[in-house]
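Which chain is which? The protein sequence lines are A and B, in order.
Residue 246 in my numbering sits at position 246 of the first sequence; the count goes up by one each step and never skips.
My numbering runs 375 ahead of the 1-based position in the second sequence.
Think of the hints as simulated: they come from the structure by calculation, not from any bench.
Source: prediction; values computed, not measured.
Treat each hint with caution, since some may be false.
Derived lysine to any residue pairs resembling SDA-like cross-links, with alpha carbons at most 20 Å apart [said to hold, decoys possible]:
| id | chain 1 | residue 1 | chain 2 | residue 2 |
| --- | --- | --- | --- | --- |
| 1 | A | Lys340 | B | Ala496 |
| 2 | A | Lys222 | A | Glu207 |
| 3 | B | Lys716 | B | Ala638 |
| 4 | A | Lys340 | B | Lys726 |
| 5 | A | Lys340 | B | Ala499 |
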Amino acid sequence: MIKKVVLLICFVGLVIACSSSDDSNGGGNNDNFDRSGLLTNYADNIIVPAITNFQSKVLALNAARENFLNNTNQTNLDLLSDAWLDAYKAWQFVGMYNIGEAESFTSNLNGFRVYYNVYPVSLSLIQSAAAGASYSLDSDAYYAAQGFPALDFLIHGIADGDSIPIDKFTSNSNSQGFIDYLNAVQTQITTRTQSIVNNWQNNFRDEFVNNTSSSATGSISKIINDYINYYERALRANKIGVPAGNFSAGQTFPDKVEAYYKNDVSRELALLSLEAVQRFFNGQSFNGGTTSGESLASYLDYLDNSDLKNDINAQFNASRQQIQTLNTSFSQQVSNDNTKMTMAYDALQAAVVLLKVDMASVFDIQIDFIDNDGD
Amino acid sequence: MKKFALSLCVIGALTTSCSSDDDNSGGGNDVVAPATYQFERNGMTSVSYSGQTTRILMAEELIDALKDPSFSEMQLDAMFNHQEGDIDFSDASLNASDKSIRSKTAASFDFFTSNTTDANAIKADFESWIAEQVADVYSNWANTATPGNPGQLTENGGSVRYVNAKGLELNQAVNKGLIGALMGDQLMNNYISKDLLAQFEATNDSETLVTDKNYTDMEHDWDEAFGYLYGTDDALAPQLNQDSFLNKYLQRVENDPDFTGIAQDIYNAFKLGRAAIVAKNYDVRNEQAEIIREKISEVIAIRAVYYLQSGKLTLGTDNASAFHDLSEGFGFIYSLQFTRKPNTDEAYFTKAEVDAYIAQLMTGNGFWDVTSTMLDDMSDDIAGRFNFTVEEAAPSN
Chain A
1 MIKKVVLLIC
11 FVGLVIACSS
21 SDDSNGGGNN
31 DNFDRSGLLT
41 NYADNIIVPA
51 ITNFQSKVLA
61 LNAARENFLN
71 NTNQTNLDLL
81 SDAWLDAYKA
91 WQFVGMYNIG
101 EAESFTSNLN
111 GFRVYYNVYP
121 VSLSLIQSAA
131 AGASYSLDSD
141 AYYAAQGFPA
151 LDFLIHGIAD
161 GDSIPIDKFT
171 SNSNSQGFID
181 YLNAVQTQIT
191 TRTQSIVNNW
201 QNNFRDEFVN
211 NTSSSATGSI
221 SKIINDYINY
231 YERALRANKI
241 GVPAGNFSAG
251 QTFPDKVEAY
261 YKNDVSRELA
271 LLSLEAVQRF
281 FNGQSFNGGT
291 TSGESLASYL
301 DYLDNSDLKN
311 DINAQFNASR
321 QQIQTLNTSF
331 SQQVSNDNTK
341 MTMAYDALQA
351 AVVLLKVDMA
361 SVFDIQIDFI
371 DNDGD
Chain B
376 MKKFALSLCV
386 IGALTTSCSS
396 DDDNSGGGND
406 VVAPATYQFE
416 RNGMTSVSYS
426 GQTTRILMAE
436 ELIDALKDPS
446 FSEMQLDAMF
456 NHQEGDIDFS
466 DASLNASDKS
476 IRSKTAASFD
486 FFTSNTTDAN
496 AIKADFESWI
506 AEQVADVYSN
516 WANTATPGNP
526 GQLTENGGSV
536 RYVNAKGLEL
546 NQAVNKGLIG
556 ALMGDQLMNN
566 YISKDLLAQF
576 EATNDSETLV
586 TDKNYTDMEH
596 DWDEAFGYLY
606 GTDDALAPQL
616 NQDSFLNKYL
626 QRVENDPDFT
636 GIAQDIYNAF
646 KLGRAAIVAK
656 NYDVRNEQAE
666 IIREKISEVI
676 AIRAVYYLQS
686 GKLTLGTDNA
696 SAFHDLSEGF
706 GFIYSLQFTR
716 KPNTDEAYFT
726 KAEVDAYIAQ
736 LMTGNGFWDV
746 TSTMLDDMSD
756 DIAGRFNFTV
766 EEAAPSN
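Just chain A, same shape as in the assembly:
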């Protein structure tokens, strides 16, 4: 009899204990967290300020290009280079937002980044375009011949047969072709950026903030997928892992770093990208120092996962420290001591598991870009 009572209590206990995690109908926490507050903070204090800042840098870049072409000399090329770097830095804070209009650009796994930052850049595509071959920067064949990497080559690289970078626009027999190509690349950047900004300002901001659904099409699930995709592919893999040989059986590629032709800014760009990632995680406003609103971090706190939040921040910090030990030029680092590169990769990778497995599971979010190795 006693045994039966105990068993009954035991059974009731089980039912109570289990009822908290019962939503097995395909995703999404149905908690009472202020999702709307989180999305509002992300839209108004982080994403829109970042993309409008980027837009202003893109317009400044456009002005510097015009100035250079109106008066083609080394001083103005240097000014163009400065404007390029300013815009490239600003880009590090927007590359993760493959949502809204940006998402509609392409179904490529790298999202709208294919129109801004595919590297290594294809010199043969650019030079043959300058020589008169027909091309379309909208076609996927030209992803590797536009955006900041193409500008990097046009501003800092040396074309076949030339002796210095500016020759492309002066003495090169295809100089008019290079000028046209520079204009085309700039137009592509400007046009797409304007359309992203317009989309957020006209209607997407409200759509984003109001879509508080916990389903896979809700804003939270989408932005977290974009965020992890960016961290894993754009930051961890492209900036560090690919040149360090982590995806090529150990063969290293000093020429596959970001901003290869400028060559001394790859570390700076990677650190900014990591800063953008960490500020996003903690919900820190784009303009406002350390002020922050509801975020992935506060959402983890809300769900009693502050340890995970702290682990993620600790891993971001460890990654930053590791990257700071690298040469300002990742090309140099890969050539001189690649072990330090792989150590930076390892630090970044450690956060992938925390984000993609642990955090996604706490939020009950389905990650939409998992590949099994197909053995």
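Since chain A is already given, all that's left is putting chain B on it; use the hints.
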């Protein structure tokens, strides 16, 4: 009486209840394993591990070639790091494969995705053993080995062994090293990893099959772990000793009366874990994973101790025989860094500890300088972290 019932209740609650919302089927722990590792869907098998069989067969050809001085370093490297379509193997189906040994050496999800720095160093170890085999051993194939000089040594029983300047058979380093770095690591730290498999819970819950396949991602991953042990064996009735790697040494351990039953324990855990995946019961799956980790780790550690002790028996009286045993022991010790302590994220021995053992064995003139005391100390260290004694692991003659 009441206390006993209550403690049952606690145990029951702990093991059956709600660790995350994993089992939607509402059942408890009533997963039933089939009699054999046979799983079907729509009347066709849902089990597949051809990639593992391929890698085992590639490794077989590599270790054979490491005993044939007609091979060049480039040929051996190409066997280790095969590229699809290259004619590296005698078996055409291996040549056509897009798999390679190297890509899965020290490459598990749990141990190496965030530790590519060590993974690179480990791959480099294998490459350096291959390079040295050609540069030093093949080039001294007919010479008699002496302390500091590579060459051949003949056992009292007549077998000829080819060793480097430190008395180490590099082909054994590769062979036994791969048991940990390839088979063991993939099996224990990759395909049964709960973190790896967590990514596939949603598709397993919904029974979403991999495109053009008859299995879910999670089922397949578990099968791939199975394949690293049974890939050349009969899955329904394992014979053991069907390869030169883990499958062979599971048989050796099973045949030691001190450990009889270990093979069935491992097979049962694989079966029940796979059935648990079909039943979407991830707690039972994880419990089987821990059993598999403990037992496979034991196989590696038992053989490490076995060969250290076996080498000790003939050290000084039949060095060729002793060095052969120690070379196998070297590889099993190297493999210890890929073992997995159950219910932890750690190996039984860290890479640093393993590197220290290796350095100790290779110090000075290597095996020529090894002492019985050193071998006993090392044996004690290894057995001390497991549930077996040096005596149980040692040769029983």
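Do the hints match the structure? See the list:
1. In summary, the hint linking Lys340/A to Ala496/B is supported, as the alpha carbons are separated by about 13 Å, within the 20 Å threshold.
2. Among the hinted pairs, Lys222/A with Glu207/A is consistent with the structure: their alpha-carbon atoms are about 13 Å apart, no more than 20 Å.
3. This hinted pair checks out: Lys716/B and Ala638/B have alpha carbons roughly 19 Å apart, not beyond 20 Å.
4. For the given pair, Lys340/A sits about 19 Å from Lys726/B by alpha-carbon distance, which is consistent with the 20 Å threshold.
5. This hinted pair checks out: Lys340/A and Ala499/B have alpha carbons roughly 16 Å apart, not beyond 20 Å.
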